[in-house]
Amino acid sequence: MKKTMALIRVSFLGLLTSFSGRRSGKKKVSALLLLVLVGAVSLLLSGVYSFAFAAVLAPSGLLRLLPVLMAGIGCLFSLLFTAMGAAGVVFSPRGMDLLFSLPVSAFSIMLSRLMALYLQNLFQLLLFLLPSGVAYFVFGGERGVEFALLLVVSTVFLAFLSTVLSALVGFLLALVNSRIQGKALLSNLFYLLFLAGVFYLSFQINPLLQNLMLYGDAIEGAFSGWLFPLGLFSGALSGDLGAFFAFAAISFLPFVGVTWLLGRSCHSLLTRLSSHAARSDYRLTALKGKSPFLALLKKEAGRFFATPLYLFNMGLGAILCVGLCVFCFLGRNSQELLVLTALADPLALAAAVLAFPLSLTASACVSISLEGKYLWILKEAPVSSRAILSAKTLLNSLLIWGGGFLGLPFLCLGFSLSPVDAALLMLLILILGVFVPAMGIAGNLLFPKMDALSEAVVIKQSASSFLGMMGGMAVAALFVGGYFLLGSYLGARWYLLAVSLLLGIVSFLLLSWSFRKAPAVLQDL
Amino acid sequence: MLSIQRLCKEYPGGKKAVVDLSLEVMPGEILGFIGHNGAGKTTTLRCAAGILSFDSGEITIGGKSIKKDPVEAKKQLAFLPDNPDIYEFMTGIQFLNFIADLYEIPGQERKERIQKYADAFELTGSLGSRVGGYSHGMRQKLSLISAFIRKPQVLILDEPFVGLDPSAAYQMKEFLRELCGEGGSVFFSTHVLEVAEKLCDRLAIIREGKLIEVGRTEDVVGNNSLEEVFLTLEKEGEQEA
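Respectively, the protein sequence lines represent chains A and B.
For the first sequence, position 151 matches number 150 in numbering that gives the first Met the number 0, and the numbering has no gaps at all.
For the second sequence, position 29 matches number 28 in numbering that gives the first Met the number 0, and the numbering has no gaps at all.
Keep in mind the hints are simulated off the structure, nothing from the lab.
You may find that some hints are simply not true.
Mimicking SDA-like on lysine to any residue, the simulated pairs with C-alpha atoms at most 25 Å apart in a straight line are [stated by the list, open to error]:
1. B:74 / A:450
2. B:74 / B:37
3. B:110 / B:93
4. B:63 / A:518
5. B:209 / B:58
6. B:14 / B:63
7. B:115 / A:282
8. A:287 / B:179
9. A:287 / B:111
10. A:516 / B:93
11. A:372 / B:111
12. B:63 / A:381
13. B:66 / A:282
14. B:115 / A:290
15. A:516 / B:10
16. A:516 / A:450
With these hints in hand, go ahead and build the complete structure from the sequences.
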């Protein structure tokens, strides 16, 4: 038991330190502030959904469904955020040699890794469910303190359930990855299918919100059927002790069972992941030379497209952008879009459609951290730090420009925009293609994470990845908010031009700072 | 060729890794760098390769300062760390091409060089496989090939014999001599004293960041073995402390 606790402690520490790049006190505080920022964004997101659901449910007397619905959505979000990380961290063969050589059982090793995943899930679910509790009370929910206590305790058990879900999907991802190792195209297609499935489920939330009144009975019916865990969760919150213990049992026991099963099979899976077959029939043919800068750019692109986790976390925005633009074109006569264009200027709407997903295309924000133990190759090479950073930012720019310019014609047709509006949107895409990488690279210079055991830790859990993803979204949200304040005075065209110019100036400042600081920072890493 | 003058390096926390160290590696010379664990060998090598910053002193490669003119200095240099981690998403040939691009080696020439060294290290057949599937020894060989194809003026190696099979170790020694025959310089650290004694023209011994002995191998060793000389110097150091 002592050994298991020691392993769990190490896994927790590994998870916590993954947020801090360096060990100095100042950086630790900064990393903590970032965690608070991430928490605040999650609370905001959950708060918006909770109050929107509550406003629909309360008048029809279905308010009791609110925490349960939010629990379901919370589990879905946890799956999205932790399953790919589980594939890369829990089932990563890195660092396992030492663990397997220790006199501890495979069950203890797997338990320690799953407990770290559990902690992450618990943190996310608490942030997701606390606002629903507040909304529940604001809209007249009953049994004050008792309900709040039951909500917290039930969430502790709910996190076991969502951990089981993340672990199983993560296991499946790792298993498939091990079978199609080295075949980047197949791996990318598989991850694309997985994400498409998760996003399809996510996109069902808004229709659910609109038709909640109609689906109320069906949802309650499902609680006694295939959604019975959520039914028990609902019963537990209503104070039914039997339901509470049943829910605790169906959450905790599967967790123990899955840990035991994975403990039994993890050895063979991890062995398969760490053993690769090197072919020995290569014949050298003619080789072509490229410039050093093109070689650096090709290396960045190679890593990006050969690593599904990197591609689908940091490049997802570009894919989403094209998808949204095509959606706007195909649904140009739909009622929703017609209502939207009647409420706001089509140019402003089109700008928002571009800005939000493109700000999520942030490959540069982890590109320095991903060098990790390979950084010596670049430090030893006869290339300047400016060239290294430029290659990293240019790849990010190309991804943004690619996604933006591919989607722009659909967007212009969908919103019937004039050539002047199209030109302004082109300017916005160009500027975003500089601003997002500039912000990402500056963030990564401030919060480098060079000692991560796997790429998953850098991409899913590092401070710079949060800063890159959330920072871009926050800036986009800031300018949308600014439009509601200033748009009526300036008009959409002048506002967009002003925003583009402002982003251009900030990008220039960020890049200047990064290029000035990079030699010293890279030398210290 | 490689000149280190009054090098000082202190790590955060106050540990002095290298103290006022000066030495030179001349063209056509192999200099062996010996010292116990934590003596400051790797720090010195990494500073010389421009990987690590240093507090004071000057390091030049072919007359170019590694601090003031790093890009030009590194064009004449190849460095091999003790545990060479190589991009796992690349195949062996992609990595060699990447390095050849960074050093602007023309296409035909790079093919000839890769062929020569990959054949010698028996790695040609595996160059199409991802580095992630390579064993430690194969990675070591790939790094060595990537260093030799640059035809560096200065080759810096940190524990190059670790992980190499006897045949690869023999080949490496042959290529080191060949490089020196063409006017290049080799500066390497090792714990294998027999190899150092047989391979090196000169030896430098470091203890607690300070150079305690440097000279021609036969002068340093005298009538004893290098092992005896090294242990005697270590003992003297402990007594002084």
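Evaluated hints:
no.	hint	in the structure
1	B:74 / A:450	violated (28 Å)
2	B:74 / B:37	violated (29 Å)
3	B:110 / B:93	holds (12 Å)
4	B:63 / A:518	holds (18 Å)
5	B:209 / B:58	holds (16 Å)
6	B:14 / B:63	violated (29 Å)
7	B:115 / A:282	holds (13 Å)
8	A:287 / B:179	violated (29 Å)
9	A:287 / B:111	holds (12 Å)
10	A:516 / B:93	violated (30 Å)
11	A:372 / B:111	violated (30 Å)
12	B:63 / A:381	holds (12 Å)
13	B:66 / A:282	violated (41 Å)
14	B:115 / A:290	holds (23 Å)
15	A:516 / B:10	holds (20 Å)
16	A:516 / A:450	holds (21 Å)
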